[in-house]
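Residues per chain, in single letters:
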Amino acid sequence: MAGPTVPKVSRGNPMYILAQQLVNGLILGSIYGLIAIGYTMVYGIIGMINFAHGEIYMISAYLFTIFLALVAVFGLTSLPVALLITLVATIILTGVYGFSVERIAYRPLRGSTRLAPLISAIGMSLVLQNYVQLAQGARDQALPPLYQGVLRFGSAAEFVQITHIQLIIIVVTVVSMAALTYLINYTELGRACRATQQDRTMANLLGINTDRTISLVFVIGASMAAVAGVLITFNFGSFNYFIGFVAGIKAFTAAVLGGIGSLPGAMLGGIILGLSESLFAGLVNTDYKDVFAFALLVAVLIFRPTGLLGKPEVEKI
Amino acid sequence: MNLALALKDSAVAALVSVALFIPIVGMVLDGRSLDFQIVRALVIVGGVFVGRLLISLLVQSRAGRLVNWALRPFTGLGARLTATIESRLLFFLLGAAGMLILLPFLPFTTNYLIQIVSLTLIYVLLGMGLNIVVGLAGLLDLGYVAFYAMGAYSYALLAKHLNLDFWTAIPIAGMLAALSGCVLGFPVLRMHGDYLAIVTLGFGEIIRILLVNLIDFTGGPNGISAPRPTLFGLVFSRRPEADETTFHDFFHIDYSASHRYIFVYLVILVLTCLAIWIFTRLREMPIGRAWEALREDEVACKALGINHLTTKLSAFTLGATFGGVGGALFGAMEGFLNPSSFTFIESAIILSIVVLGGMGSVTGVILAAVGITLLPELFREFEQFRMLVFGLAMVFVMIWRPTGLLRLRRKSFARIAHADR
Amino acid sequence: MKRSLSFVVLVAVFVFGLVVVQQSGVANAQDIKIGVAGPITGPYAKFGEQLTRGANAAAEAINKRGGIKGHKVVIVPGDDACDPKQARAVANRMVNDKVYAVAGHFCSSSTIPASEVYDEANILQITPASTNPLVTERGLPAVFRTCGRDDQQGSVAAEYIARELKGKRVAVIHDKDTYGQGLADAMKSALNKNFAIKEVLYEGVTRGDKDFNSLVTKMKGLNVDVIYFGGLHTEAGLIRRQAMEQGLNAEFLSGDGIVSDEFANIAGPSAVGVLMTFGADPTKSMAAKQIVEQFRAGGYEPEGYTLYSYATIQVIADALEATNVTRDGEKLAEYLKSHAFNTVMGKKEFDEKGDLKVSDYVVYRWFRDGGKITYKQITNL
Chain G
1 MAGPTVPKVS RGNPMYILAQ QLVNGLILGS IYGLIAIGYT MVYGIIGMIN FAHGEIYMIS
61 AYLFTIFLAL VAVFGLTSLP VALLITLVAT IILTGVYGFS VERIAYRPLR GSTRLAPLIS
121 AIGMSLVLQN YVQLAQGARD QALPPLYQGV LRFGSAAEFV QITHIQLIII VVTVVSMAAL
181 TYLINYTELG RACRATQQDR TMANLLGINT DRTISLVFVI GASMAAVAGV LITFNFGSFN
241 YFIGFVAGIK AFTAAVLGGI GSLPGAMLGG IILGLSESLF AGLVNTDYKD VFAFALLVAV
301 LIFRPTGLLG KPEVEKI
Chain D
1001 MNLALALKDS AVAALVSVAL FIPIVGMVLD GRSLDFQIVR ALVIVGGVFV GRLLISLLVQ
1061 SRAGRLVNWA LRPFTGLGAR LTATIESRLL FFLLGAAGML ILLPFLPFTT NYLIQIVSLT
1121 LIYVLLGMGL NIVVGLAGLL DLGYVAFYAM GAYSYALLAK HLNLDFWTAI PIAGMLAALS
1181 GCVLGFPVLR MHGDYLAIVT LGFGEIIRIL LVNLIDFTGG PNGISAPRPT LFGLVFSRRP
1241 EADETTFHDF FHIDYSASHR YIFVYLVILV LTCLAIWIFT RLREMPIGRA WEALREDEVA
1301 CKALGINHLT TKLSAFTLGA TFGGVGGALF GAMEGFLNPS SFTFIESAII LSIVVLGGMG
1361 SVTGVILAAV GITLLPELFR EFEQFRMLVF GLAMVFVMIW RPTGLLRLRR KSFARIAHAD
1421 R
Chain F
2001 MKRSLSFVVL VAVFVFGLVV VQQSGVANAQ DIKIGVAGPI TGPYAKFGEQ LTRGANAAAE
2061 AINKRGGIKG HKVVIVPGDD ACDPKQARAV ANRMVNDKVY AVAGHFCSSS TIPASEVYDE
2121 ANILQITPAS TNPLVTERGL PAVFRTCGRD DQQGSVAAEY IARELKGKRV AVIHDKDTYG
2181 QGLADAMKSA LNKNFAIKEV LYEGVTRGDK DFNSLVTKMK GLNVDVIYFG GLHTEAGLIR
2241 RQAMEQGLNA EFLSGDGIVS DEFANIAGPS AVGVLMTFGA DPTKSMAAKQ IVEQFRAGGY
2301 EPEGYTLYSY ATIQVIADAL EATNVTRDGE KLAEYLKSHA FNTVMGKKEF DEKGDLKVSD
2361 YVVYRWFRDG GKITYKQITN L
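Protein chains in written order, with my numbering: chain G, 1 to 317; chain D, 1001 to 1421; chain F, 2001 to 2381.
No lab work stands behind these hints: they were computed from the structure.
Check each hint, because a few of them may be wrong.
[As the list claims (entries may be wrong)] Some chain D residues judged to face chain F by a derived CB distance under 10 Å, without partners named: (1) G1031; (2) R1032; (3) F1166; (4) I1209; (5) G1220; (6) G1223; (7) R1260; (8) E1334; (9) F1336; (10) L1337; (11) S1340; (12) F1396; (13) W1400.
Just so you know, even glycine gets a beta-carbon here, dropped at the ideal spot from N, CA and C.
Please take these sequences and the hints and turn them into a complete structure.
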């Protein structure tokens, strides 16, 4: 026999496969975008990279699973009610985490050099990671598939599919992006935020409680991380104390790609990142998808040094 | 003294900590069920309440003011050093380093101690390198580990594929890292601040992923053996190859693994001292002043005719060279490399050495490097808590001294520098 | 005030550290210290638990009947988190602690770099779990293992794919780790050579990734009928779960890296039907019966590598007993190679390289047993 040969069996319809890869990319992109929105929001207001954001997201995954188990302990069997209670509790408690992190690690550093809060944030992210590892153990946690609704387009043999949860992820990303954009642009809180961003001293003089505004921004950012944590945990069903790091870096990349500080930019950046990773993994090679994603980032930044939707820097003399 | 206010304040703190600790600490996930450990969570909550109460009472009392006053020398914004004074201090610094030469020959010294001190010295070397980029030139680099990895892997791969020995491989590793610093420097010249930070971070990740993926070339996640260093052709090995002469045979002494550790330690010590000296010289030279000027005001520099392209590039290149040499030394010390030594957290640690130590300062960076390598080792026995404590220390040092342990001031523009806030 | 506070906190932290270091106890100098190294923390901590549970139980049993030549056996645990760099550090600490021998490590990628340190210090190392051929192929005199090798495991898997599953379109996935890739490569070459089947896809995934949907879609596009995965349970569970979600019902076969109930936890109901290769069930043998019952009485199911670790400590203890408690690794190795050992897993003999003379890989299948998903042996030797 002349060496091993690949048997000729019909391959799946390439159009369906390509469509499925696009859907995969869209979902992954929405996931990145969802985390990036919280990132970019905090950055937009106080101009600081919140390295602990990924860790907040990780904590929300734990909180969500713990509350689900707790609800089960109390004998609540109706899934929608249980989910609703759990979701609300997770968002509130994750918000408390966001608030506390800001109080402990960032507020004392307000007004100092630009790098001090960055180092403090890196320290905080180490603290949160190891705190969860100590409290909950290092093992991988799993959430069994609770709900497996799925939409399939095509025939029984060949189809493009998206699960309901994945659909919810995409919808929630778009809705929260829109809601936050509205919040920043058209509400009183939003005006306070923008004033704080432009000139903190002046905002203070005008009667805006900037400390409270910044705290609120952190709580909102953390709540966004909680929404992301809940949905993503629901989708993948597995997490550990280390997921915040990778998620944080990817979200950071997405935020910068879209122009850091811009909410639509964060979503756009996330989707571009997700699509490029998915398509590269699907069409070329899984091993190098991350290299491709980062190379794309560098390439975009060379031609647009402030990201796709970021405001161009004006050099003041 | 307002007890009611203190009580209210502590009650709020306790309430927040109930929300923080009861779910995460008090309920441990065990598969699909929960393992309730409410007591330990309540202990923490109680601790927060009592601690907060004591603090707020103390703050209001006379004793508290007294304590605050007594701690004043430690709680200021940090000692300031001018570059000139530090250059003079250098004499003492190098003298102290001279004392370190004796370390391996002291009776209580173990291999373990030598390795830790070697690692500290490597961090000092890396700190000097990043100090050029971040401290002097003000370019925020979150991917410094890329150059460190370049140096380490160049050393191992050059020896493996081209059979180069320790002494040839180290300078080449430094040069290759410098080249990569230069290559990275070009595209990022237009970027500022956080955009620069993410691109360098991305570069660091790209290098790490390449190291993981190029399995045939770099050994992938399994790592690669770095060659043992040699001394004039003498190898440090228990079982030499046929054509090699071992160090212990040549000097007719018994084989001991510590010979190699001591040798590598001495090489690292000499090169680190050299790096410190080069750094202090660079800082005084026109190029060093150009870096600092560029950090303060890029537009003004351009107006004054400083070529900001070459100035930035030189900072990147020189910083990368230090990183590359540090990496090669790390390879020689460990004898084994794998990509997990070169993750983002390593960049973060080196950056925190520079920021905690005080940007641009030498003494501060040395102090910070010692602290940062010794702290986790101090907690070795207490394995699980060591990274937690490490992170906490980072946060609190930053709050305690937001500008680093020792701040560098140039005599000439000390007066017009930004006022302390 | 903020500054004084943070200063006080810092000082407290340091003092606390110093106190802890002062208090950390030192074992009695008369005791015989045996190191047990593995992933005690990290995502693979379950495997570390298997090793330490087995070793501690064995040490306890030995001490109960009087120790080794009257000396008490003390287990010194070392945590490498399956990270080669930490493995190296742990190995250096073991040498510093003057252990007599080391049972470990778990991951091949940790065992290999650590073995160089042990070799330099001339300490006997027996790994209960590292199956990569390179562990014993590098000519180090005092490295042994009480488990099989991946080339043996891979050819058992290849045979099962070709004969039983009648696999035509096989996808080979690995996690780029020494163990995972080594196993996948061994299986692949056996499949290519012995059965003339060429894989349709060969790719590596990254440990710690969560989203494998693109890979699954790609496999779907290639009409894969068997997925072979070389790696550990976390990634295996996620790939299996996402494959089932996308309706890719290919057979899923993996190696001994998924022998932990964590796999079923992560994969959920889709774990049912997954195949894996592992040594013939050690808990079933006559020699193990009593010890297995002891474990179960203590509330621990001795799954995976627990008994392998138990057997490793038995071998080390026997060798130390016979050589009059020497620290010399090469002397111990000489004894190991020339004698047979009665262990909890039956009689074991080592060959010149340090491998077991007889390998016993069989195929297991995960199935639903009441409310729990567990595995059972489905082929015989």
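Violations among the numbered hints: 3
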